[in-house]
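Protein chains: 2
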Amino acid sequence: MGVHIAKSTDERIVIIGGGFGGLELARRLRKANYQVVVIDKNNYHQFQPLFYQVATSGLEPSSIIFPFRKNFQKVRNFHFRLAEVDAVDTKAKQVKTSIGDIDYDHLVIAAGAGNNFFGNEQIEKYAYPMKSIKESLKLRNKILERFEEALSVNPEERGAYLTVTIAGGGPTGVELAGTLAEMKRYILPKDYPELNFDEMRIVLVEGAKHLLSAMSEKSSEKAKQYLEKLGVEVKVDTRVNDFDGKIVQLSDETTIASKTLIWAAGIKGNFLKGLPDETLGRGNRILVDEFNQVKGLENVYAIGDVAMMVTEAYPNGHPQLAQVAIQQGNLLSKNFKRKILGKSLSGFSYRNLGTMATIGRNKAVVELPKYKFYGFFAWTVWMLVHLRSILGVKNKFLVFLNWVWNYFTYNLSLRLIIKRNDDLKD
Amino acid sequence: MGVHIAKSTDERIVIIGGGFGGLELARRLRKANYQVVVIDKNNYHQFQPLFYQVATSGLEPSSIIFPFRKNFQKVRNFHFRLAEVDAVDTKAKQVKTSIGDIDYDHLVIAAGAGNNFFGNEQIEKYAYPMKSIKESLKLRNKILERFEEALSVNPEERGAYLTVTIAGGGPTGVELAGTLAEMKRYILPKDYPELNFDEMRIVLVEGAKHLLSAMSEKSSEKAKQYLEKLGVEVKVDTRVNDFDGKIVQLSDETTIASKTLIWAAGIKGNFLKGLPDETLGRGNRILVDEFNQVKGLENVYAIGDVAMMVTEAYPNGHPQLAQVAIQQGNLLSKNFKRKILGKSLSGFSYRNLGTMATIGRNKAVVELPKYKFYGFFAWTVWMLVHLRSILGVKNKFLVFLNWVWNYFTYNLSLRLIIKRNDDLKD
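Line order of the protein sequences matches chains G and F.
Residue numbers for the first sequence follow my numbering, so the first one is 1 and each next one is one higher.
Residue numbers for the second sequence follow my numbering, so the first one is 1001 and each next one is one higher.
If you're looking for bench data, these hints aren't it; they were derived computationally from the structure.
No experiment lies behind these values; they were computed from the predicted model shown.
Check each hint, because a few of them may be wrong.
Said to hold, decoys possible - Derived pair list, reagent style BS3-like, types lysine-lysine, alpha-carbon separation capped at 25 angstroms:
(1) F:1184 <-> G:190
(2) F:1184 <-> G:74
(3) G:394 <-> F:1184
Whole structure, please, built from the sequences with the hints as guidance.
Structure follows, in C-alpha cells:
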C-alpha cells in the first residue's frame, strides 16, 4: 500500500526522524526546489538536553517538545507523516512504514540513537532510561512513586526505596545527580516529613576515569567536587555489572541497595532493516562519507547520532551530540541545493562550539574553544545557550519562567504521578 | 497488613478522595485537633472544570492539577497515602486499600463520581470519556491522531475520521464543542493543509430538551445559538443509543459517521465495597442525612458527588457540582470542630452561587442568583471565577498566560501526542 502524498514536479527528499539533524535539514530546505517528507513516530521534536529536568519535576514535557506541524505551517513543500519506519528498500527506493510505503528520490536517515544495555537483559528490564520524553515522564513518575512506596515498607528496606543510582557520568548523569541532590536537600523533606532523608543515597557510577569525558580533566574534577559537595557519591572507573530491581552490582565487587537505577551509560544507533550489512559500523552506526552519503548506496544519506563518518580527527566517528547533527543537517541542505545548481558538494568538518554541563544552582562547567569557566557565570551561560536553542517563543518563555520560579522558591511544583491506567483505551 | 501512620492522641479522620469536597475538608482541618489522613489513587488534586481545555490542547495537565503534598507542606496533622481503596469495613473501622488496612475513628467518603455508560458495553468500549486528567490527555492524543490517520485513509472514509460527536450537552459537552469548532476554524487548517475541513463535523447530542439543563431556557437557547454560529450541529431531545467505533446510532433513527465519540452524558457515584445495600441510592450515590452522615452508620460520612442528601428542595439529591462538594466539605469541617467542643451540629443547606459555561472567544453564558448575562462580559467573568478557583499561584499564572497567549495568537501550541509506549515498564 502506498501512502498518498501530493505529486510534485520536484524531487522528493524523505527524512526519517525529526531530531536535531532531521529538523535542521527540513527547516533549511523550506524554500528549496525539493518536496520534503519528514517521517517520525512522534508528532513533535524533542529537546533532549533538558529531559533530565522533566524527569526531576522541574519542567513540563510540553515546554521542551514542539509539534512539527506547527513549526512548518505555511511551508508548502513540507509534508509530515506520523509513522514507525519498519525498513528501507534501497532498490525500490521506498521506505516501509506502519502506514504504508513511501517513495523517495533521496533518503536521509536521521533516526538517532537509542539506549544501549550492552546485551544485559536484566538491566534492560529493571533500569530506567531517559532517551525520550516518554521515558523521562516515566522516570518522573517512578522517582516520586518510590517515596510513596517507602512510606509503607519495612524500615530496613526503606533505604533501598529512597536510593537512586545513576549509571553513566556524561552530562545527563551529572545533571540528574545534581538535581536529585538538590531535591533531597530543599524539597523532598518538606513533601515527606514522615521519611528520613539521611537514608537517601544518590550514587553516580562512571566507567571511565573521569566524569564528562568530552571535557578536560580540570572540568571533570570541578564537576565531581560540585557533586560531592551536594552529597552525591561519585564512583569513577567503575561499571554497573548487573541489577535485579533491588541490588546494583558494581565492577568493584561492591553492591548498592537501590530500587531505582537510571541508565545513562550507553547509546546505539537506531537500527533500520534493509541496509546492507557492510554499511553498519560500531554501535549500529551507519558508515558515511564526508558528504554524509551512506557507503555504497546512491541517494541515501545518514546524519547525526546514527551516522559514523570516520576521519583522521575522529577515527571512531564524531561524538553523538546535537551540535554534530545540526551541523550535518545544515551542510546536507546546502549540498542538496548545490546539486540542483550543478555545483560541487562540500565535505563535512565539525566545528566544536563548546561543551557544558550544569550541576546545580549557580554551579556549572563550561568549556568553549578558548575559555573554560565554572560557577555562577558558567551557570548563566548554560541557561542562555539552552534557552536560545529551545524551539518556540512560548516554550522559551515558559522554561525561563519555570527556572526563575524554581530558583527563588526552591520548589518545583510538577511532582505529579500521571500514569496511564491499564484500563484506558489505546 | 496495617499501614503505618504515626500514632496521635487525637482522633483520626480518614478521607477517601482528594477532590473538591475532600480537599476542602482537609484544608479546613489544618489546625483542628484531629489527625487527618487523605487517601487518593493520584498524588494530585484535579481541577475538573478545565479538563476540556486539556483535551483540546489549550492547557497543560500540570497547570490544572496540584500535588497534595505540596499543598499540605508544614501541616503537622496531615498525612497522605497514595492508594486505591478496595473496600470499607465499618465494623472493624478500617479502610482496605492496595497498600494495606488503614484504621479510622471517623471516615469521610469523598470518592466522587465516574462515568456512567448506562450498561452499554459497546459505548464503554469505544467512546472517550473525560472524567480525569488521564482520560483528558488520552482524548487529546486521540483527537490529534485522528487527523494524522485521516491523511492515509480512503477519501470516502475521511469524513468519519475528522468528525467528532459529543454525547451530553452539559457544561463539559458545550465547552468541548465550542472549543473544537474554534480549532476547526482557526488552527487545524494551518496544521493540516492537506485535509479539507469542510468534511469535519462537530455534533453535540443532548437527551433533554435543552442544553445546560441547570440553567434557564433563555441561557440554553443563547448557548445553542453561539454553538450553531460556530458551526456545531446541535441535536437536543436526542440520545446516543449505540456506537461501534465507526457509526453513532441516535435515538431519532439517524446515524453519524464518526470515529470519535466523546462521552459526557452521565456519571455515577464511585462504588465502594463494604457499605450496606440500604445506604445506596440512585446512581450509586450514598444516602446521607443533613449532616452528611451515612444513613444507619456511625462515624461514617459522605460528601460531594458520591453523596445523596434528599431534601424538599432536592428530592433527587443535590446537583453533582464542585460548589456542593466544597460547601459540604466546609460544613463538615465545622461540625467536626463543634463535636470536640460538645456543641450541636449544623445541617447542610446549599447556596447556589451561580452557574456558567463558556462557548468560545468572547462567548459565555453566566447565571448568578440575581443576574443573567451573556457575551464578552460573561466570558471575562467565567475566566476570573475559574482562575480564582485554581490551586496555586503559579498554576493561576500559567493558565492566565496560556489564555492570553491563545487569545492573541489563535494558536494553542500543545498539540502533542504523548502516548506511553507499550514496551515501557510500569
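The hints, checked one at a time:
For the hint pairing residue 1184 (chain F) with residue 190 (chain G), the CA-to-CA distance comes to about 45 angstroms; that exceeds 25 angstroms, so the pair is violated. About 17 angstroms separates the Cα atoms of residue 1184 (chain F) and residue 74 (chain G), which keeps this hinted pair within 25 angstroms; it holds. Pair hint residue 394 (chain G) plus residue 1184 (chain F) holds up; C-alpha atoms about 22 angstroms apart against a cutoff of 25 angstroms.
The earlier numbered hint that this structure contradicts is number 1, and it is the only one.
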